[in-house]
Structure formats: structure tokens, C-alpha cells
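Chains A and B, in that order, are what the protein sequence lines are. Read in our numbering, the first sequence has 226 at position 226, and its numbers run on one by one without any break. Read in our numbering, the second sequence has 121 at position 121, and its numbers run on one by one without any break.
Accuracy of the hints is not assured; some may be wrong.
In silico lysine-lysine, DSS-like type, Cα no more than 25 Å apart, as pairs [what the hints assert, rightly or not]:
{"hint": "1", "chain 1": "A", "residue 1": "Lys-226", "chain 2": "A", "residue 2": "Lys-156"}
{"hint": "2", "chain 1": "B", "residue 1": "Lys-20", "chain 2": "A", "residue 2": "Lys-280"}
{"hint": "3", "chain 1": "A", "residue 1": "Lys-226", "chain 2": "A", "residue 2": "Lys-280"}
{"hint": "4", "chain 1": "A", "residue 1": "Lys-226", "chain 2": "A", "residue 2": "Lys-259"}
{"hint": "5", "chain 1": "B", "residue 1": "Lys-106", "chain 2": "B", "residue 2": "Lys-70"}
{"hint": "6", "chain 1": "A", "residue 1": "Lys-226", "chain 2": "A", "residue 2": "Lys-212"}
{"hint": "7", "chain 1": "A", "residue 1": "Lys-212", "chain 2": "B", "residue 2": "Lys-20"}
{"hint": "8", "chain 1": "B", "residue 1": "Lys-20", "chain 2": "A", "residue 2": "Lys-226"}
{"hint": "9", "chain 1": "A", "residue 1": "Lys-42", "chain 2": "A", "residue 2": "Lys-110"}
For the record, the hints were derived by calculation from the structure and aren't laboratory data.
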Amino acid sequence: MSPSGKLKLIDRVTAINWNRLEDDKDLEVWERLTGNFWLPEKVPVSNDIQSWHSLTPQEQELTTRVFTGLTLLDTIQGTVGAVSLIPDALTPHEEAVYTNIAFMESVHAKSYSSIFSTLISTQEIDEAFRWSEENPNLQRKAEIVLEYYRGDSPLKRKVASTLLESFLFYSGFYLPMHWSSRAKLTNTADLIRLIIRDEAVHGYYIGYKYQKGLELLTEAERDDLKAYTFELLFELYENEVQYTEDLYDGVGLTEDVKKFLRYNANKALMNLGYEALFPKDETDVNPAILAALSPNADENHDFFSGSGSSYVIGKAVATEDEDWEF
Amino acid sequence: MGDLVYFSSVSENTHRFVQKLRLSELGMGVRRIPLRPTEGFLRVDEPYVLLVPTYGGGNEGGAVPRQVVKFLNDPHNRSLIRGVVAAGNTNFGEAYCIAGDIISAKCQVPYLYAFELLGTAEDVTRVRDGLGRFWQRQQQIPA
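Produce the entire structure from the sequences given, and follow the hints as far as they go.
Given below as C-alpha cells:
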């Protein structure tokens with residue numbers, strides 16, 4: 001951190017040349033991110049107004065609180081998190097990808113406001129924001145992450161960032177998937193799915209850059225960072241469990257949400273190159289939630305466990321590049 | 001026993017999964033599709049199961065890595081594929097592991113298994129045991 005306490009800026013800038021890549025992954029991810037670009041105005045959330053009024057006041061309050069929590073995280077990631085990664089970048093193209101990530105996080109944060117303004121009164125919005133400022137577990141979550149963003153270790157920043165992108169959002173993401181599985185707030189769920197898709201690319205990329213950084217370290221340093229990662233995950237997990245209880249105890253969904261948390265904690269660890277931590281029977285996400293997330297996930301692609309008597313030989317049908325475009 | 005052919009980007013995620021399978025102990029060959037054109041073109045001569053990651057998913061298509069497309073556009077390579085295993089991320093919604101669906105449909109081979117990211121310990125066991133049984137069954141079927 002610089003003496004003024006402000007975020008460090010990059011020391012030196014060279015003109016970016018996209019025709020000289022040092023890491024092919026930068027261009028690949030840039031293209032993926034720009035190709036996936038979207039704005040909340042394109043999603044017809046107003047079609048959910050009737051559905052919103054079918055929720056009980058308690059369910060509405062829960063939903064509003066969940067979205068303010070998500071707004072806080074996206075704001076952190078947009079204005080501090082992704083920006084704090086820029087000075088640590090190893091290539092100019094990596095810097096450019098972080099600017100895209102930072103911008104998209106701001107789009108995400110704005111999306112919740114567009115949901116609010118469509119569905120909820122100004123007074124209810126203000127009340128929910130007050131709740132988010134006063135909830136100790138939500139504030140603690142923000143503090144833990146911000147502490148690492150302000151710290152002096154580029155790789156710890158990436159760990160915190162990946163855990164935010166791939167784990168901390170999911171206590172919130174659970175709820176729109178839950179409503180969607182009951183055919184409620186389905187347009188809002190469509191918008192959240194776009195956010196979920198973006199977070200996957202962000203978590204993958206930042207986790208990948210973390211692993212590239214590890215390659216430059218000694219084995220002892222790598223071991224330290226691994227221990228640190230698991231410590232931070234446990235600290236965040238404990239806090240996340242309490243936050244989940246604050247939100248979901250009233251509607252009896254806490255245990256279901258916790259499974260989703262652990263499932264995503266495993267994926268966050270994998271993005272950082274580590275083995276999954278929580279065993280299968282603690283991460284068996286409700287199939288309805290999984291199907292709301294990905295309609296293909298419940299289609300069990302497990303030919304191995306079937307009787308598998310079918311034998312199909314590859315047919316030599318001619319294929320060309322365009323046949324593979326979907 | 002047939003082979004396993006796989007593609008992995010510089011992230012090495014799929015590569016690490018393949019290493020955990022320890023297929024050579026089961027007598028299976030393992031071949032990797034090259035990342036860059038300068039590394040040459042892979043031509044195979046044994047029946048194989050293809051293991052691929054799904055790329056991104058979203059507005060732009062391109063779910064099957066272009067190196068894999070190039071490999072399968074070769075009629076000889078394509079004639080030897082017997083099944084496909086795909087990796088992906090449920091965050092991509094309808095595009096989750098869609099590379100497996102696309103290849104299975106294009107090459108008319110069974111979609112054997114799908115898993116997320118690096119795969120869990122359970123995924124490793126199921127794919128390892130599954131491939132062993134798969135190739136044994138293939139041998140029992142008269143040519």
C-alpha cells in the first residue's frame with residue numbers, strides 16, 4: 001500500500017500490442033468476455049412484476065436483502081477488487097482483461113438496481129440497503145476481502161478475488177435459482193444466469209493467473225500460499241454459514257443453501273488449481289437448483305454406470321470447421 | 001485396450017485430470033492434441049475415447065476447442081473415435097459440457113461422462129473404471 005493509503009497505481013505503461021501475446025490465454029479470455037457482453041436493459045425484468053406480488057412479504061424481504069448483499073460484493077469487485085489486480089499483472093493484455101472484468105462487475109452491480117427499481121418501492125430499497133450496512137456477517141465478508149485487496153501480496157489478492165468470484169456470491173445466487181425452479185421471477189433468474197456465467201470466466205482467469213504466479217515460487221512459498229488459501233476459505237466459509245442462517249432460517253432453506261455453498265467452494269478451489277475439499281455427500285446440491293442453473297446438469301451423462309450394451313462405431317461423415325459452430 | 005486422446009489448454013486443467021487417471025497402468029495409451037500448429041498435427045492409429053474441455057459457452061459459440069475441431073476434421077482420426085468425455089462448468093447453463101454433446105452428435109459416438117473443472121476424486125475413479133470396462137466390452141464384440 002502506498003503511504004497515502006490509496007490503491008497503488010501501475011508504475012509504468014507500455015502501449016499494448018495485441019499482435020504480440022505473451023500468454024495466449026489473455027486473448028482467449030478477452031474474446032470470451034467481450035463476446036459475452038450484455039446489459040441488464042435487454043432482460044425484460046418487468047415481466048416479473050406479477051410474479052413478485054405472488055411472493056409473501058417475508059419472501060420479498062429475503063429476496064431484496066439477498067440482492068443488496070450481491071450488490072455490495074459486485075461493487076467491491078468492480079471498484080476495488082479487479083482494479084487492485086491491475087498493478088500485479090504480468091502482461092499488458094492481462095491488465096486489459098482486468099479492466100474488462102472491473103467494468104462488467106459494475107454492470108452486475110447496476111443490474112440489481114434495475115431489478116429493484118422494477119419490482120420494489122424506494123422505501124423498501126432503502127430499508128434493504130440499511131439492512132446490508134448493518135448486517136455484521138455481510139460486513140465481515142466485505143472486510144475480509146477488502147483487507148486482502150489492500151495487502152501487499154499479489155498472489156493473496158488473486159486468491160481472495162477468486163474466492164469472491166467463485167464462492168462468496170453463491171449464498172445469494174441460490175435464491176433466484178430457487179425461485180426459478182418454482183417458475184417464479186424467471187426473467188430475474190435469466191439476468192442472474194448471465195452474471196453467473198461471467199463470474200465463471202472471471203474465477204477461471206484469475207485462478208489461472210494465480211497458478212502462473214505460483215510457478216515462479218519455491219516449493220516452500222507454494223506450500224505457504226496453499227495453507228493460506230485453505231485458512232481463508234475456512235474463515236470465509238464460517239462467516240458464510242452465519243450469513244446464510246441470517247437470511248434463510250426464516251424460510252427453512254438454510255441446509256439446502258449450505259450444500260450449494262460447499263459445492264461452489266470446491267469449484268473455487270479447483271479454479272485455483274487445488275483439489276476439492278468437501279466430500280460428495282456434503283455437496284449434493286438439490287437437483288432442482290442444479291437444473292435451474294444448468295438444464296444439462298441433471299441429464300446424467302454417465303454411460304459408464306449404465307448397462308452400456310450399445311456399441312456405436314464412428315462414422316466417417318465429412319465434417320468441416322463450420323459444422324462445429326454452435 | 002484403446003487409447004485416450006485429450007486436449008488441454010495452457011491452464012493444464014484437463015491434463016491434470018488425465019494424469020490422475022493413470023491409464024497406462026491399465027494398458028491404455030494416452031495422446032495429447034497439440035496446442036499450437038508449430039507442435040505438429042496428431043494422427044492416431046488406434047481406436048480412442050476423446051476427452052475435451054468445453055470452452056466458455058455463451059454468445060460466441062466455439063465450445064469445441066479449435067485444435068480439437070482440426071483433429072476431428074481429419075477423416076482417419078474421426079473414424080477411430082469410440083466415445084467422448086467432456087469437462088465444463090455448470091455456470092455456463094445450457095452450454096454446460098456442450099462440447100460432449102456436439103462431438104457425440106457429429107461423430108455418432110456415445111457421450112460417456114461429464115465432469116466439472118478439475119474433476120473430483122470420485123470423477124477420477126468413475127472415468128478410470130469406466131474406461132477399463134468400456135474397452136473390455138468393445139473387445140468382446142466381434143469385429
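Right, here's what the structure says about each hint:
1. With a C-alpha separation of about 10 Å, the suggested pairing of Lys-226/A with Lys-156/A holds against the 25 Å cut-off.
2. Pair hint Lys-20/B plus Lys-280/A holds up; C-alpha atoms about 18 Å apart against a cutoff of 25 Å.
3. With a C-alpha separation of about 22 Å, the suggested pairing of Lys-226/A with Lys-280/A holds against the 25 Å cut-off.
4. Proximity of Lys-226/A to Lys-259/A is assessed by CA-CA distance (about 23 Å); at most 25 Å being required, the pair is judged to hold.
5. Only pairs whose Cα atoms come within 25 Å are accepted, and Lys-106/B paired with Lys-70/B is accepted, the gap being roughly 14 Å.
6. With a C-alpha separation of about 14 Å, the suggested pair Lys-226/A and Lys-212/A falls inside the 25 Å cut-off, and the hint holds.
7. As the CA atoms of Lys-212/A and Lys-20/B are separated by approximately 21 Å, the hinted pair is consistent with the 25 Å bound.
8. For the hint pairing Lys-20/B with Lys-226/A, the CA-to-CA distance comes to about 20 Å; that is within 25 Å, so the pair holds.
9. Between Lys-42/A and Lys-110/A the CA atoms are separated by roughly 13 Å; this keeps the pair inside 25 Å, and the hint holds.
Consistency note: the structure conflicts with none of the earlier hints.
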